[in-house]
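Trainee: Taken in sequence, the protein lines are chains A and B.
If you're matching positions, the first sequence starts at 1 in this note's numbering and goes up one per residue.
If you're matching positions, the second sequence starts at 1 in this note's numbering and goes up one per residue.
A few of these clues could be false.
Any copy, or any two copies together, can satisfy a pair, since identical chains are not distinguished.
Calculated lysine-lysine pairs in the PhoX-like style (CA-CA distance at most 25 Å, straight line) [unchecked claim]:
1) Lys106 <-> Lys498
2) Lys330 <-> Lys347
3) Lys333 <-> Lys216
4) Lys378 <-> Lys467
5) Lys333 <-> Lys421
Note that these hints are calculated values from the structure, not bench results.
Number of protein chains: 2
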Amino acid sequence: MYRTHNCGELRMTHVGQEVTLSGWLQASRDFGSMTFIDMRDRYGITQLVFNIEDDEGLCAEARKLGREFVLRISGVVRERSNKNENRATGDVEIVVKSLEILNASKTPPFTIDDETDGGDEIRMKYRYLDLRRNPIQQNIIFRSKLAIETRKYLADQNFVEVETPCLIKSTPEGARDFVVPSRMNAGQFYALPQSPQTFKQLLMVAGLDKYFQIVKCFRDEDLRADRQPEFTQIDCEMSFVTQEDILNTFEGLTRYLFNTTIGIELGDFPRMSYDDALRLYGSDKPDLRIGMEFVELNDVAKGKGFPVFDSAELVVGICASGEAANFSNKDIKKLTEWMQRPQIGAKGLVYVKVEAGGFKSPVGKFYSDEDLTKWVEKFGAKEGDILFILSGEEEKTRKQLSELRLEMGKRMGLMKEGDFKPLWVLDFPLLEWDEDSNRFHAMHHPFTAPKKDDVSRMLNGDHETMKSLRADAYDLVINGSEIGGGSIRIHDRELQSKNFDLLGFTKEEAEAQFGFLMGAFEFGAPPHGGIAFGFDRLCAVMSGQSSIRDFIAFPKNNTGRDIMIDAPSTIDNTQLDELSLKLEEESSAAKE
Amino acid sequence: MYRTHNCGELRMTHVGQEVTLSGWLQASRDFGSMTFIDMRDRYGITQLVFNIEDDEGLCAEARKLGREFVLRISGVVRERSNKNENRATGDVEIVVKSLEILNASKTPPFTIDDETDGGDEIRMKYRYLDLRRNPIQQNIIFRSKLAIETRKYLADQNFVEVETPCLIKSTPEGARDFVVPSRMNAGQFYALPQSPQTFKQLLMVAGLDKYFQIVKCFRDEDLRADRQPEFTQIDCEMSFVTQEDILNTFEGLTRYLFNTTIGIELGDFPRMSYDDALRLYGSDKPDLRIGMEFVELNDVAKGKGFPVFDSAELVVGICASGEAANFSNKDIKKLTEWMQRPQIGAKGLVYVKVEAGGFKSPVGKFYSDEDLTKWVEKFGAKEGDILFILSGEEEKTRKQLSELRLEMGKRMGLMKEGDFKPLWVLDFPLLEWDEDSNRFHAMHHPFTAPKKDDVSRMLNGDHETMKSLRADAYDLVINGSEIGGGSIRIHDRELQSKNFDLLGFTKEEAEAQFGFLMGAFEFGAPPHGGIAFGFDRLCAVMSGQSSIRDFIAFPKNNTGRDIMIDAPSTIDNTQLDELSLKLEEESSAAKE
Numbered sequence: 001m002y003r004t005h006n007c008g009e010l011r012m013t014h015v016g017q018e019v020t021l022s023g024w025l026q027a028s029r030d031f032g033s034m035t036f037i038d039m040r041d042r043y044g045i046t047q048l049v050f051n052i053e054d055d056e057g058l059c060a061e062a063r064k065l066g067r068e069f070v071l072r073i074s075g076v077v078r079e080r081s082n083k084n085e086n087r088a089t090g091d092v093e094i095v096v097k098s099l100e101i102l103n104a105s106k107t108p109p110f111t112i113d114d115e116t117d118g119g120d121e122i123r124m125k126y127r128y129l130d131l132r133r134n135p136i137q138q139n140i141i142f143r144s145k146l147a148i149e150t151r152k153y154l155a156d157q158n159f160v161e162v163e164t165p166c167l168i169k170s171t172p173e174g175a176r177d178f179v180v181p182s183r184m185n186a187g188q189f190y191a192l193p194q195s196p197q198t199f200k201q202l203l204m205v206a207g208l209d210k211y212f213q214i215v216k217c218f219r220d221e222d223l224r225a226d227r228q229p230e231f232t233q234i235d236c237e238m239s240f241v242t243q244e245d246i247l248n249t250f251e252g253l254t255r256y257l258f259n260t261t262i263g264i265e266l267g268d269f270p271r272m273s274y275d276d277a278l279r280l281y282g283s284d285k286p287d288l289r290i291g292m293e294f295v296e297l298n299d300v301a302k303g304k305g306f307p308v309f310d311s312a313e314l315v316v317g318i319c320a321s322g323e324a325a326n327f328s329n330k331d332i333k334k335l336t337e338w339m340q341r342p343q344i345g346a347k348g349l350v351y352v353k354v355e356a357g358g359f360k361s362p363v364g365k366f367y368s369d370e371d372l373t374k375w376v377e378k379f380g381a382k383e384g385d386i387l388f389i390l391s392g393e394e395e396k397t398r399k400q401l402s403e404l405r406l407e408m409g410k411r412m413g414l415m416k417e418g419d420f421k422p423l424w425v426l427d428f429p430l431l432e433w434d435e436d437s438n439r440f441h442a443m444h445h446p447f448t449a450p451k452k453d454d455v456s457r458m459l460n461g462d463h464e465t466m467k468s469l470r471a472d473a474y475d476l477v478i479n480g481s482e483i484g485g486g487s488i489r490i491h492d493r494e495l496q497s498k499n500f501d502l503l504g505f506t507k508e509e510a511e512a513q514f515g516f517l518m519g520a521f522e523f524g525a526p527p528h529g530g531i532a533f534g535f536d537r538l539c540a541v542m543s544g545q546s547s548i549r550d551f552i553a554f555p556k557n558n559t560g561r562d563i564m565i566d567a568p569s570t571i572d573n574t575q576l577d578e579l580s581l582k583l584e585e586e587s588s589a590a591k592e
Numbered sequence: 001m002y003r004t005h006n007c008g009e010l011r012m013t014h015v016g017q018e019v020t021l022s023g024w025l026q027a028s029r030d031f032g033s034m035t036f037i038d039m040r041d042r043y044g045i046t047q048l049v050f051n052i053e054d055d056e057g058l059c060a061e062a063r064k065l066g067r068e069f070v071l072r073i074s075g076v077v078r079e080r081s082n083k084n085e086n087r088a089t090g091d092v093e094i095v096v097k098s099l100e101i102l103n104a105s106k107t108p109p110f111t112i113d114d115e116t117d118g119g120d121e122i123r124m125k126y127r128y129l130d131l132r133r134n135p136i137q138q139n140i141i142f143r144s145k146l147a148i149e150t151r152k153y154l155a156d157q158n159f160v161e162v163e164t165p166c167l168i169k170s171t172p173e174g175a176r177d178f179v180v181p182s183r184m185n186a187g188q189f190y191a192l193p194q195s196p197q198t199f200k201q202l203l204m205v206a207g208l209d210k211y212f213q214i215v216k217c218f219r220d221e222d223l224r225a226d227r228q229p230e231f232t233q234i235d236c237e238m239s240f241v242t243q244e245d246i247l248n249t250f251e252g253l254t255r256y257l258f259n260t261t262i263g264i265e266l267g268d269f270p271r272m273s274y275d276d277a278l279r280l281y282g283s284d285k286p287d288l289r290i291g292m293e294f295v296e297l298n299d300v301a302k303g304k305g306f307p308v309f310d311s312a313e314l315v316v317g318i319c320a321s322g323e324a325a326n327f328s329n330k331d332i333k334k335l336t337e338w339m340q341r342p343q344i345g346a347k348g349l350v351y352v353k354v355e356a357g358g359f360k361s362p363v364g365k366f367y368s369d370e371d372l373t374k375w376v377e378k379f380g381a382k383e384g385d386i387l388f389i390l391s392g393e394e395e396k397t398r399k400q401l402s403e404l405r406l407e408m409g410k411r412m413g414l415m416k417e418g419d420f421k422p423l424w425v426l427d428f429p430l431l432e433w434d435e436d437s438n439r440f441h442a443m444h445h446p447f448t449a450p451k452k453d454d455v456s457r458m459l460n461g462d463h464e465t466m467k468s469l470r471a472d473a474y475d476l477v478i479n480g481s482e483i484g485g486g487s488i489r490i491h492d493r494e495l496q497s498k499n500f501d502l503l504g505f506t507k508e509e510a511e512a513q514f515g516f517l518m519g520a521f522e523f524g525a526p527p528h529g530g531i532a533f534g535f536d537r538l539c540a541v542m543s544g545q546s547s548i549r550d551f552i553a554f555p556k557n558n559t560g561r562d563i564m565i566d567a568p569s570t571i572d573n574t575q576l577d578e579l580s581l582k583l584e585e586e587s588s589a590a591k592e
């Protein structure tokens, strides 16, 4: 038997008991005739005591142990003379009677502490050691708890968890698929799913009524900072529902998860149209912790002789209140430089300081105090506030101002830990016109239905009409992160076929790739819709962290490599032959 | 709003209420002035009534509806005059006031009933219709419930569910990997996991202590009858445990699952060594519902002049009691032919009928009644029983007798529905000597530890010694199906390295493929072990069904194809180029 208790379990009630514990040596301290060892496992840390006077040999042995050695000890629990109130087991210690080294350890390449001295690369290479660190281990445990509670809630609501296949069919739509060569079907490939979209719709056609799955999805993208080639979704679909039913169900799930896992009662879930989100925050995922809605100034800022504004399509700004009053000219200069970095690309940043009895602004010479008073009124600004104003081409300027707003939120300390502001963004356009490729893209995906009132316009309208179609598509945003999104789907063959037309599919392409789905719509497909939450992202947002990577036990790096196991790697020629494949270099070499 | 209630919900308490329901038309019947429609959803069937005298137009409309049309109706609940006691909603019906066709349906290619007229192929092509059939839908719902309860039990026992990666490293050990070409790392491949084995061990090194995951695994095998290229495991690992801890934990899980999902209180979980299982049942997964232990007859059957037995390595038999008494000579002849089919390959089948005052047997002329009495005593047979005896080379004969035993169990009706007999098979050999390839194979897998008492024999013994090593490896068998298996693992670098040696790895191969694991063992790896249950199989066994396919929403056929979506399929040349791959035919064509 390796243990009677774990390392987080012993309390005053155990004093006097003989116990056996196993765990890792976290730290040891020698004091004259005494040696103390902190022994750690997932559940906590327990202090062990060795006394030279009691057993000199045992104490000598204990003094030879290194960090991360795996030990089994037996001994008697006793009350500590100096208790450690920061530790659940801090009232007691174990006077060790016997000690066994279960496994030795080399010195770890970085410290196994909450704050470690290990850099990213070495932590990834020795991920199994990084995972011993409490903050990372707690992330993984939190993720597990969140999944359990998600399933509990959805199962209680009559959702059925159905596993959809991982080996599916490649479709050129959307992001790149990972493909899997088939040995038994030479020259053919499976694809790994980017989402179970078509399968969950088929489950609705099959009458499953309410489906969910916590499911791995795959995208072969050039990895940006916080993307992973494999990621996890809470994937859901419901039949006989309207948008309202779905919003209510997943608002319920979100409230439940926040409440049961981190003890947060979420407030309102306000709703905002996509158009309003762009107009007021320059983003379809605004962070509502910040405030600072955009105010348009065209009518009061143009035509006063300031050429930059006069020539701009849009003049728009935000008002920084409160803390902002402490922004010095130097701070503003730095902020301006930050906005001028190529990542953001603002030409400049105009400010107006609202001060006692007047304004301070570099554009003061173009605008009278009366002019600026009108600005201030539009913002509802008061003494001590600063207006920040950008101008230029409309879409670009809104994006830049959105970046500024977020940066100001950060600098002003408005993104408070434990403060969560959810938001539903609604009424997304159905289609997005892409000037470059001269074609429509699906704003959400090709299976999203137009709003009921837009159906006949979609079936009969002209090209321009298509740009104005709106969908019952919705995103859940929390603190500026997109947690999930979904839509009411098309369940009618004709409408689906029309949508593929609009997206530039030939009839043959649509049939070859999605014929099974359109076929299914002919056998009594119910009205249905759904949503998917990014599970990795949800974990990170609920924990107030910005990176998903430390919520994934074994993540890949930015080039898609697992540097711990060294994957991907080359495979045998036998394997390639069996798959009827050749590497390109190899076959060109053969031709030379 | 699509519905106020579902189709399985209405009872006498709802009589008089105005309700709205949506669902599929299961069946309709016209009787003079009345039309009845059974409307179906996942939750049940509700009877709708249309009356010509109330609303002629509506009734006419209802008479035009076809099977599987999707409808929304509103109406008033009333008590039925002739109640249907076989249906939960059978006390009531809805007098329909309004009807809307939400979607039409073509006539389905097979009937959507418990018993369908559709063959396998067509049911797979229209799997979304097959899934509407109650037995299949209930299988999928059962699977979901079983997963929920599995997670509940394990989470309550402090297990953490951790998602391990799907894109891992290919290793030539074991079955064939599915591989995934990496675009960002040209010429390199990921593999899909055959199991999360090394990752779950690393999680133990990481101190996660108790891990589980319900996880998709992948094997590129030539598919036998009831195999799938992707399948699901309940995968578990624990630290600081002995075999006993693991058996108890997963006996607990199994009891809990049977109890909560199908209301069965399982009896004992007897334990049997691998050697005993082969000796007594000729199989490492004996079905204990059957009885009929093997009895060896060498000492009483040889040397009496019957050349077949005299020249045999082993004479061994089973005794069929009770029902067996009804086996006519014709039945026995048929059974003999069944045994002589090439799949089994028995040369013949000797029987001895124990009758009032004597024996009947085709080998009677070689054996006196006194001889045969000794046989009967060995079996403990009584009047009315029949002994069935095989002979030949030992291993082959036991296998053949095992087949006969199972067939007799079937013919004698001993495999009763609702009767579940679990069994732990223990003490598997660590290594298996393969004459053909002249090398050892791991009986379980290369990470399985020898029993503690065998460690020094393994490190220091000679070749012959290796054949006698035993492992703390265990299988859970229920009703003759292997539900799961596992082992205590090696957690020591030297022992792991020795095991790779024995399995024929060079030092370089072992390091290249499993260096990360052996490296991890040097940083304080705890003693650990685990188990994995085949989840698809568990679903089928608990439901008393023999095929896993109908517990998988979207299964592949025997050539690994999904014939509904038509995958695998060819991919674009652009995709191949991006992956630096060529198809073999293509590149040879280019060379001609």
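Trainee: Each hint: holds or not?
Mentor: Each hint tested on the structure:
1. Lys106 <-> Lys498: Only across copies: Lys106 and Lys498 sit 20 Å apart there, 65 Å inside one copy, limit 25 Å.
2. Lys330 <-> Lys347: within (18 Å within a copy, 98 Å between copies)
3. Lys333 <-> Lys216: neither (46 Å within a copy, 55 Å between copies)
4. Lys378 <-> Lys467: Neither: 32 Å inside a chain and 87 Å across chains, both beyond 25 Å.
5. Lys333 <-> Lys421: So Lys333 and Lys421 fail the 25 Å test inside a copy (31 Å) and across (78 Å) alike.
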